[in-house]
Each structure stands twice: as C-alpha cells, then as structure tokens.
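**Q** Going by my numbering, the letters in the sequence shown line up with residues 2 to 194, in that order.
Everything labelled a hint here was simulated from the structure, so no lab data went into it.
Hints are supplied without guarantee of correctness; some may be wrong.
[As the list claims (entries may be wrong)] Derived DEER-like restraints, expressed as beta-carbon distance ranges:
(1) D65 - N129: 34 to 40 Å
(2) E173 - S66: 54 to 60 Å
(3) N23 - S66: 29 to 35 Å
(4) D65 - A40: 34 to 40 Å
(5) A40 - S122: 53 to 59 Å
(6) Q93 - I69: 55 to 61 Å
(7) M20 - I69: 28 to 34 Å
(8) S92 - K180: 23 to 29 Å
(9) E173 - D86: 21 to 27 Å
(10) S138 - A171: 22 to 28 Å
(11) L33 - D136: 52 to 58 Å
(12) Q104 - I69: 46 to 52 Å
(13) L64 - D86: 35 to 41 Å
(14) D65 - E192: 45 to 51 Å
[Unchecked claim] Think about it this way: if two alpha-carbon atoms lie no more than 20 Å apart in a straight line, the pair counts; the simulated EDC-like pairs of lysine to aspartate or glutamate are:
(15) K150 - D86
(16) K180 - E192
(17) K180 - E115
Beta carbons: idealized from backbone N, C-alpha and C, even for Gly.
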Amino acid sequence: MSARKNNPSLEEILDSFAMEPNPSGEVLGRYLADFPQFAEDLVDLSQEMFQVGLVQDRELTSLDSNRISSAWSVLQASIGQPLADPLASLSQQVMGDLSEVLQVPRQVILAFWERRVLPASVPRQFLNRMASALDASAQSLIESLALPKQALARSHKADEKPTSDADKQAFEQVLRDAKVPEDQIAALLTEGA
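Using the sequences provided together with the hints, build the complete structure.
**A** Quick look at the structure:
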C-alpha cells in the first residue's frame with residue numbers, strides 16, 4: 002500500500018488490496034500483518050479475486066456451450082408467449098369438480114369462467130387454491146380474470162356496447178348472489194389474511 006494513513010477504513014484497505022497489480026499470497030500476508038483488524042474481510046476478498054481469476058482463465062467446454070445454448074433456446078422460446086388461460090376451456094365436469102374442491106356453488110365458478118369477478122377482490126389464498134386445482138399458476142389465473150367478460154352463447158343481443166370492468170363484481174357480491182351462507186363468506190374472505 003503506497004499511501005498509509007493512521008486509521009484507514011475497511012473500504013480503503015479493501016480497495017487498496019484490490020488495486021494491487023499482483024495480489025499474491027505475499028501481498029495478502031503484508032496486508033494481514035499491517036491491518037489485522039480487517040483480516041477476515043481481506044481473506045474473503047482475496048478468495049473472491051482468486052475464484053474470479055480461475056473462472057476467467059478457463060475455456061468453455063463443449064458441455065458448457067451446449068448447456069448455454071439449451072438454456073438460451075428455452076428462454077427465447079418462452080419470451081413473448083402468453084400464459085395459458087386456465088379458464089378458457091372449462092368443461093361442465095371440471096366446473097363441478099372445481100366447485101367441490103373450493104367448496105363454493107357452481108354459480109361462483111361460472112362467474113369466474115365468465116370473468117365477471119374483479120380479480121383484486123378475491124383473496125390471494127383462494128386464487129392460489131383455484132389455480133392449483135386447475136393445474137395453473139396464480140398469475141395466469143389473475144391475467145385470465147383481468148380479460149374482458151366472456152361473451153356467452155345464451156346471451157341475447159344487447160342495445161348497448163359491452164363494457165369492460167365496469168360491470169364486474171366483487172368476489173363477496175358473487176358469493177352473496179350465489180346464496181353462500183354468511184359464515185362461509187366470512188371464512189372465504191378472510192382466507193389467508
């Protein structure tokens with residue numbers, strides 16, 4: 002170390018050691034003798050510097066190159082691909098099974114399928130359970146619920162244009178409309194809270 006102070010800080014010592022032109026074991030020994038209070042940090046830094054030197058000096062093997070290429074291909078294939086919509090193709094059987102698993106009436110499941118439920122109003126734990134039952138991620142379920150309401154075959158022609166989220170309902174309201182008992186509504190709304 003060229004310029005020594007009376008009480009240099011740890012950061013100054015580590016910077017100085019890192020800037021040494023040839024940080025060998027001899028240089029490390031000198032720093033350890035001069036600054037024993039920073040011994041642990043100096044040893045840690047020297048190990049990091051030595052490991053970086055090993056990694057930088059090594060050539061990539063064909064196995065390394067293959068692994069990198071494979072990971073890169075997987076990453077490129079996944080970029081820009083939308084998550085699968087877990088609600089897109091629910092059959093009546095799946096809706097019934099989902100109703101049993103989540104312990105809510107089919108009418109509630111139908112409201113999710115029709116995207117009439119405001120995603121922000123649904124407790125995260127309920128969304129996680131629903132996503133798990135659908136073998137999907139909670140994120141893909143939330144994204145699906147955020148889509149505009151589904152046009153139904155049973156719907157009749159309307160005089161007005163359809164609206165986006167203005168006519169979506171809170172989860173609590175969907176439960177009330179389905180005549181779910183108050184104690185069960187309270188349990189579902191406090192789930193995970």
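**Q** The structure should be examined with respect to each hint, and the outcome stated for every one.
**A** Quick rundown of the hints versus the structure:
Separation of D65 from N129 is about 38 Å and conforms to the stated range, judged on CB atoms against 34 to 40 Å. Hint check: E173 to S66, Cβ distance near 55 Å, so the stated range 54 to 60 Å holds. With their beta carbons about 32 Å apart, N23 and S66 fall inside the hinted range of 29 to 35 Å. Judged by the Cβ atoms, the range 34 to 40 Å given for D65 and A40 holds: they are separated by roughly 35 Å.
About 57 Å separates the C-beta atoms of A40 and S122, a value consistent with the hinted range of 53 to 59 Å. Remark: the range hint 55 to 61 Å for Q93 to I69 is contradicted by a beta-carbon distance near 47 Å. The beta-carbon spacing between M20 and I69, approximately 32 Å, falls within the hinted interval of 28 to 34 Å. Between S92 and K180 the Cβ separation comes to about 24 Å, which falls inside the hinted range of 23 to 29 Å.
Between E173 and D86 the CB atoms are about 24 Å apart, so this pair conforms to the stated range of 21 to 27 Å. The supplied range of 22 to 28 Å is met by S138 and A171, whose beta-carbon atoms lie about 23 Å from each other. At roughly 57 Å, the beta carbons of L33 and D136 sit within the given window of 52 to 58 Å. One distance hint, 46 to 52 Å for the beta-carbon pair Q104 and I69, holds here, with the actual separation near 48 Å.
Between L64 and D86 the C-beta distance comes to about 38 Å, which sits within the given range of 35 to 41 Å. Checked against the hint of 45 to 51 Å, the C-beta distance between D65 and E192 comes to roughly 47 Å, which is consistent with it. For the suggested pair K150 and D86, the alpha carbons sit about 14 Å apart, so the restraint of at most 20 Å is met. This hinted pair checks out: K180 and E192 have alpha carbons roughly 19 Å apart, not beyond 20 Å.
With a C-alpha separation of about 18 Å, the suggested pairing of K180 with E115 holds against the 20 Å cut-off.
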